[in-house]
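Participant: Residues per chain, in single letters:
2 protein chains.
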Amino acid sequence: MSILVVGSVALDTVETPFGKVHEVLGGSAVYFAAAASLFTTVKLVAIVGTDFPLAELDFLRERGVDLSGLQVAPGRTFRWSGRYDYDLNTTHTLDTQLNVFADFHPRLPAGFAAAETLFLANIDPLLQYEVRQQARCVRLTMMDTMNFWIQGQRDQLTRMIRAVDIVTMNEAELRMYAGTGSLITAARRVQELGPRVVVIKQGEYGAVMFDQQGYYTVPAYPLEEVKDPTGAGDSFAGGFLGYLDACGEVTPRTLRQAMVLGSVVASFTVSEFSLTALRDLTPARVRERYEEFRHFTLVEPI
Amino acid sequence: MSILVVGSVALDTVETPFGKVHEVLGGSAVYFAAAASLFTTVKLVAIVGTDFPLAELDFLRERGVDLSGLQVAPGRTFRWSGRYDYDLNTTHTLDTQLNVFADFHPRLPAGFAAAETLFLANIDPLLQYEVRQQARCVRLTMMDTMNFWIQGQRDQLTRMIRAVDIVTMNEAELRMYAGTGSLITAARRVQELGPRVVVIKQGEYGAVMFDQQGYYTVPAYPLEEVKDPTGAGDSFAGGFLGYLDACGEVTPRTLRQAMVLGSVVASFTVSEFSLTALRDLTPARVRERYEEFRHFTLVEPI
Numbered sequence: 001m002s003i004l005v006v007g008s009v010a011l012d013t014v015e016t017p018f019g020k021v022h023e024v025l026g027g028s029a030v031y032f033a034a035a036a037s038l039f040t041t042v043k044l045v046a047i048v049g050t051d052f053p054l055a056e057l058d059f060l061r062e063r064g065v066d067l068s069g070l071q072v073a074p075g076r077t078f079r080w081s082g083r084y085d086y087d088l089n090t091t092h093t094l095d096t097q098l099n100v101f102a103d104f105h106p107r108l109p110a111g112f113a114a115a116e117t118l119f120l121a122n123i124d125p126l127l128q129y130e131v132r133q134q135a136r137c138v139r140l141t142m143m144d145t146m147n148f149w150i151q152g153q154r155d156q157l158t159r160m161i162r163a164v165d166i167v168t169m170n171e172a173e174l175r176m177y178a179g180t181g182s183l184i185t186a187a188r189r190v191q192e193l194g195p196r197v198v199v200i201k202q203g204e205y206g207a208v209m210f211d212q213q214g215y216y217t218v219p220a221y222p223l224e225e226v227k228d229p230t231g232a233g234d235s236f237a238g239g240f241l242g243y244l245d246a247c248g249e250v251t252p253r254t255l256r257q258a259m260v261l262g263s264v265v266a267s268f269t270v271s272e273f274s275l276t277a278l279r280d281l282t283p284a285r286v287r288e289r290y291e292e293f294r295h296f297t298l299v300e301p302i
Numbered sequence: 303m304s305i306l307v308v309g310s311v312a313l314d315t316v317e318t319p320f321g322k323v324h325e326v327l328g329g330s331a332v333y334f335a336a337a338a339s340l341f342t343t344v345k346l347v348a349i350v351g352t353d354f355p356l357a358e359l360d361f362l363r364e365r366g367v368d369l370s371g372l373q374v375a376p377g378r379t380f381r382w383s384g385r386y387d388y389d390l391n392t393t394h395t396l397d398t399q400l401n402v403f404a405d406f407h408p409r410l411p412a413g414f415a416a417a418e419t420l421f422l423a424n425i426d427p428l429l430q431y432e433v434r435q436q437a438r439c440v441r442l443t444m445m446d447t448m449n450f451w452i453q454g455q456r457d458q459l460t461r462m463i464r465a466v467d468i469v470t471m472n473e474a475e476l477r478m479y480a481g482t483g484s485l486i487t488a489a490r491r492v493q494e495l496g497p498r499v500v501v502i503k504q505g506e507y508g509a510v511m512f513d514q515q516g517y518y519t520v521p522a523y524p525l526e527e528v529k530d531p532t533g534a535g536d537s538f539a540g541g542f543l544g545y546l547d548a549c550g551e552v553t554p555r556t557l558r559q560a561m562v563l564g565s566v567v568a569s570f571t572v573s574e575f576s577l578t579a580l581r582d583l584t585p586a587r588v589r590e591r592y593e594e595f596r597h598f599t600l601v602e603p604i
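Residue numbers (this note's numbering), protein chains in the order written: chain V, 1 to 302; chain C, 303 to 604.
For the record, the hints were derived by calculation from the structure and aren't laboratory data. Note that the Cβ used here is the ideal one computed from N, Cα and C, for glycine as well. Do not rely on the hints blindly, as some may be mistaken.
[Stated by the list, open to error] Covered, in the sense of this in silico footprint (three residues per stretch, anywhere, with C-beta under 8 Å from a C-beta of chain V), are these stretches of chain C:
id, segment
1, 342-355
2, 480-494
3, 518-532
4, 549-562
Bound conformation, chain V alone (with noise of 0.2 Å):
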């Protein structure tokens, strides 16, 4: 099995209470890959400028990510930059630099079209769109989201998302999506639009997921510090996916275990600043992980 994942190639700048970082390695697309990478083999489409240094995802190509899909372009290479205050569950985002992804329409290379699971992070529901039609041979389909094509691209975003089967948004964008103050309705709306599962990113306060059987929630994991919070939605979503694609099916159990993986490795994410903490990370240190969320979430027999 493989995941095909199109997404952003980024340099970040970031601050937060515990330090700041300039130009680092950052990207939906790159947070997402280091994260299912763990559990798959992931197929990577993206662009950068001539400016990017490749040599920063290398510890993607060692762990089997295919980066054939990488385009660089004449130019400079997608920067953002984004400030967290003590609470870090709120993006302050200081400014988007989009260069080479202007104008970036994702090609798949020959053997990318084989993906048998799709992951299209958040970037123009049309670019989704695009790849959504190259990858003909997908049988499972996750998107993300945010406010910008919430407000801006609101049409195009309700075709993508008739078109997915799991879509995952952050509680406010999804309550803005199906205007509603309530978690449960708002699940419902997506729902009636075709997607199965709806993944509801909750910050510090964890996950909650609907799918066909009901309600399913996970909390975050407790740190005492979390450095820095870019990048935890897209590594929740590659460890779940990640985890869906390799065991090949999605049952009620198994996307129970992929929120639980989703939850592990994103906390790992936010430990650290960039892809710090996801450069080390191994299968079994988050095997070990999960089995302390057993632990803290047991509810006992009464």
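Put chain C on the given structure of chain V with help from the hints.
Facilitator: Chain C alone, transformed into the frame defined by chain V:
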């Protein structure tokens, strides 16, 4: 076993996106007693004015709550007025009239001093201390507090915290008291003062507990509509401490069960205004929802 609770009996005026109620039954001691009496015997200590409709408390008496510690004093009953917007986690207090509560000094009736368990609801820490001194047989004490006392009576509050076994606050209050954004650090600072257990309320996200074994988390029950969050924390405490009192022992296992029962009971509370849902709640319905919690939190082995 029995629980002694001291707190407020109030007339609440509450407005939420789902409606408005005027001078209805409320108060921390009432919510706590309604919840705890599902599990054990409750003795209530509080004060009301001569304007208070005592028949409103008949349902507590029918559940075995001993109201002989309820003083009726000349004057008006404590009144609280608040509003919740779509963000139901934030309370906007519109008006607080202490009335007879202003000169309240709790006096325990003869039989009350024999209670083994004590809940000091969110009142002036000086009054909490007066009650703690009178309750000579108590073996387990839990206390709540709020930002008003953290800011205005910090030393008195700290003296009180040193004297109890279990502290509960909401997460903003705990962070304020401990002077740190990290819940783990904040909980440790409280535990260093003496309490073995810290229960942190997170509203729609549930609650977390730090005990001597470590960390435990319980989500909130998914409700399509939260009609009125008033009393959620006090009824959580009632379910939690009521169960512990009934068990007669505080172990890692009973603490975890108590956390879930707290969340179960609170989920009923917020589904209707005032005490409407708690009035009709039965142990059988609590057990039924407890089983649902087991299901939607289960972390499957991997």
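Participant: For a quick check of understanding: which of the numbered hints are violated here, in increasing order?
Facilitator: 1
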